[in-house]
Structures are given as structure tokens and as C-alpha cells.
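Undergrad: Residue numbering for the sequence shown follows my numbering, beginning at 1 and increasing consecutively.
I should point out that these hints are in silico values taken from the structure, not numbers from a laboratory. Just to be clear, a hint being listed does not mean it is correct.
What the hints assert, rightly or not - Calculated lysine to any residue pairs in the SDA-like style (CA-CA distance at most 20 angstroms, straight line):
#1 K33 with G109
#2 K125 with L13
#3 K125 with R48
#4 K120 with R48
#5 K86 with P12
#6 K120 with D24
#7 K120 with I65
#8 K113 with Y11
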Amino acid sequence: MSTEAVNPKAYPLADAQLTITILDLIQQAANYKQLKKGANEATKTLNRGISEFVVMAADTEPLEILLHLPLLAEDKNVPYVFVPSKQALGRACGVTRPVIACSVTSNEGSQLKSQIQQLKDAIEKLLI
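Let's have the full structure, built from the sequences with the hints guiding it.
TA: As C-alpha cells, then:
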């Protein structure tokens, strides 16, 4: 993963360990159909209030195309985090293309509930 092109606006940026955990959970969420890929879909989940947390890629060019998401997420009290690579985010989402943003959605009877909660707490610690 390249860290030379990380935009300082990409805050909070997950460290290597947290990034692995986030990408792992995204992969599971994709299997459970609890994942929306892309900046537009992520925006929709936030507006509808079904988003658990939002993950964005810090190496997006230009980064401004997804900087509306942190504002919206803060309005809706949804944790958000940046990961260094859009290529890795795309792979975790289960697609071959790079993905600049995705949103893990809520689902009542989900097996991922406890993992999502743990990750939300970890992300919220970054925001303090």
C-alpha cells in the first residue's frame, strides 16, 4: 500500500491493523448483502438512515468527490473512516474495480452485529 499520496484531508485514517480489520468486515458484509459500494450508494444509505458506518479510500483522485460523506455522516451520527487504498477497498467489496467509498448497512437479524459494533467503537475512538 502506498502512503505517499495520502491526502491530509483524509481524516481519520485507519492504521495498518485497523485497515485489515475493516477490509475483513467489509468482505463479510458483502457476503451477507449488507454492503453498498460507491460514493452515491453510500450517500443514499446515510440519507435513509440505514448505514452502520462508512469507509472511504484516501487515495481517491480528486478526494473532494467524496468529502460530502464525512459531513453527512457527522449529521447522522454515523462513524466514518478512511483506508489508504481504493484498490484494496474494491477487492474487499468483492469487485475487480477500485471502490472509493462503501457503506455497511444495518440488518436486524445479522450475524455481523457484534463485529460491526466493535468496529464502530474502534472508529469512534479515532474521531476523538
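Undergrad: Holds or violated: K125 with R48, Cα cutoff 20 angstroms?
TA: violated (25 angstroms)
Undergrad: Below or equal to 20 angstroms on CA atoms is what counts here, so check K113 against Y11.
TA: violated (25 angstroms)
Undergrad: Is K125 close enough to L13, meaning Cα to Cα at most 20 angstroms?
TA: Within the cut-off at roughly 12 angstroms; holds.
Undergrad: Check the hint pairing K120 with R48 against an upper bound of 20 angstroms on the C-alpha distance.
TA: holds (19 angstroms)
Undergrad: Holds or violated: K120 with I65, Cα cutoff 20 angstroms?
TA: violated (24 angstroms)
Undergrad: Next pair to validate is K120 with D24; report whether the Cα-Cα distance is within 20 angstroms.
TA: holds (14 angstroms)
Undergrad: Check the hint pairing K33 with G109 against an upper bound of 20 angstroms on the C-alpha distance.
TA: Holds, at roughly 13 angstroms.
Undergrad: Taking 20 angstroms as the top limit, are the C-alpha atoms of K86 and P12 close enough?
TA: holds (16 angstroms)
When held up to the earlier numbered hints, the structure conflicts with 3, 7, 8 and fits the remainder.
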